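**Student:** Chains as they are written, first to last, in the numbering used here: chain A, 1 to 235; chain B, 1 to 235.
Wrong hints could be hidden among the right ones.
One copy or two, it doesn't matter: identical chains are merged, so the pair holds either way.
In silico DSSO-like pairs for lysine-lysine, Cα to Cα no more than 27 Å straight-line [stated by the list, open to error]:
1. Lys115 / Lys100
2. Lys140 / Lys115
3. Lys162 / Lys98
4. Lys189 / Lys51
Calculated from the structure, these hints are not laboratory results.
The structure displayed is predicted, hence computed values, not measured ones.
Number of protein chains: 2
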Amino acid sequence: MLKTLVIVSHPTVEESGSQQFLIQSITSPPLEQVTLHVIEQAYPDGQIDVKKEQQLLKDHDRILFQFPFYWYSSPPLLKQWQDEVLTEHFAFGYRGNKLKGKEFGLILSVGIAEKEYQSGGQEGYSMSELTKPYQALARKTQMTYLKPLVIYQFAYLSEQAKMEVLVKYQQYLTLAKPDSLKSREEWIKKELNAIDYETLPVENASFVIEQVIELLEDNRMELDELRMHIDNFHD
Amino acid sequence: MLKTLVIVSHPTVEESGSQQFLIQSITSPPLEQVTLHVIEQAYPDGQIDVKKEQQLLKDHDRILFQFPFYWYSSPPLLKQWQDEVLTEHFAFGYRGNKLKGKEFGLILSVGIAEKEYQSGGQEGYSMSELTKPYQALARKTQMTYLKPLVIYQFAYLSEQAKMEVLVKYQQYLTLAKPDSLKSREEWIKKELNAIDYETLPVENASFVIEQVIELLEDNRMELDELRMHIDNFHD
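Whole structure, please, built from the sequences with the hints as guidance.
**Tutor:** What follows is the structure in structure tokens.
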């Protein structure tokens, strides 16, 4: 089963609404197979235990950096972590293949609207351009770079939109292919099945949920059928 | 006259051959109009004096970041400096125009060969791609972004090549348009004129130097003439 390491870096993580929202969703109750690692809390004096960090990396399949995208980069402690932990002969260079084949992704919180990250926008550059140093890091360490999960203007989101962020976040942490339709469907089915129907306020809740599951399965069958037709058409 | 602030960041600046080489060239004797500011030495405890730093920025016309390009970004203290000093209402946002119109540049030391920074090369990305966060910083703070001065594999350079790096470095710090032919010529003439001929070992050194100056002036006249012909041709 996929094991995910979420390395969180934030200069004042306790005071960050978005970080606390995300962190609580994977700690209460704890999300199995996910290790949360807030480095400012682990190393308040900035003395990073390099051996311990390298062991953590080896023990996981998916490595995620979660941070506020201040000045288009990470907070200082995460950069220090990169410089000290991702050493030659471990992460790159001769025999430096300990991260090879793992997945690497970014979970960025951003204070500016999504539409500003393009030519002509207020920020002028796209996220794909601004995150090039992280793409280069994944490349050099032979990790597979995932599409980043970028959370724009969290504080302005409606409750509904925040819940949608949570679903995407948990999927990003746990799904084999976080952005495929099939993976997302399966995640929703699993979550729905895990609900304790007895505690639901509405009496026929279990019926409703079963209907949702059925609907998702039908959608999948229809999609598979369509795909088959397309494949035949191409032959 | 142009006033330049060189903000140096390096986790172990005393032990860095390239940083010491560069720093000594502007401190002994001190290069006039250039302020050297090694932030790890100024703030060994990481407590940055934000007001003092903002005043330093206001007092200079050209702001340069000089650092080793570890993991395609700056050392942690410089990132902390960015996050704490380049605040809203100072560097960007409402009334945040204190850096507007200044020049901003990077002096990067890099351990990998220049040819690896391209598609298909070992690093896979160009310097223009990897430095996008700094281009975005200059854009957001309304500073003019200069071509970076990148020093590749300093330790492997010949003495002659190191001297050439020094000349480029000093020009990058002091010239109005650091990479124009005219600016570089004027810089060389100024440097030659500043030599104390009496202390030169060769008796006719002053004659030689005058010849060099004359040659440069001739070149300039010829270039100006050629340019005039081209302009007439286009009319």
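**Student:** Each hint should be assessed against the structure and marked as holding or not.
**Tutor:** Here is what the structure says about each hint:
no.: 1; hint: Lys115 / Lys100; in the structure: between (34 Å within a copy, 24 Å between copies)
no.: 2; hint: Lys140 / Lys115; in the structure: between (30 Å within a copy, 16 Å between copies)
no.: 3; hint: Lys162 / Lys98; in the structure: neither (36 Å within a copy, 36 Å between copies)
no.: 4; hint: Lys189 / Lys51; in the structure: neither (39 Å within a copy, 55 Å between copies)
The structure shown violates the earlier hints numbered 3 and 4.
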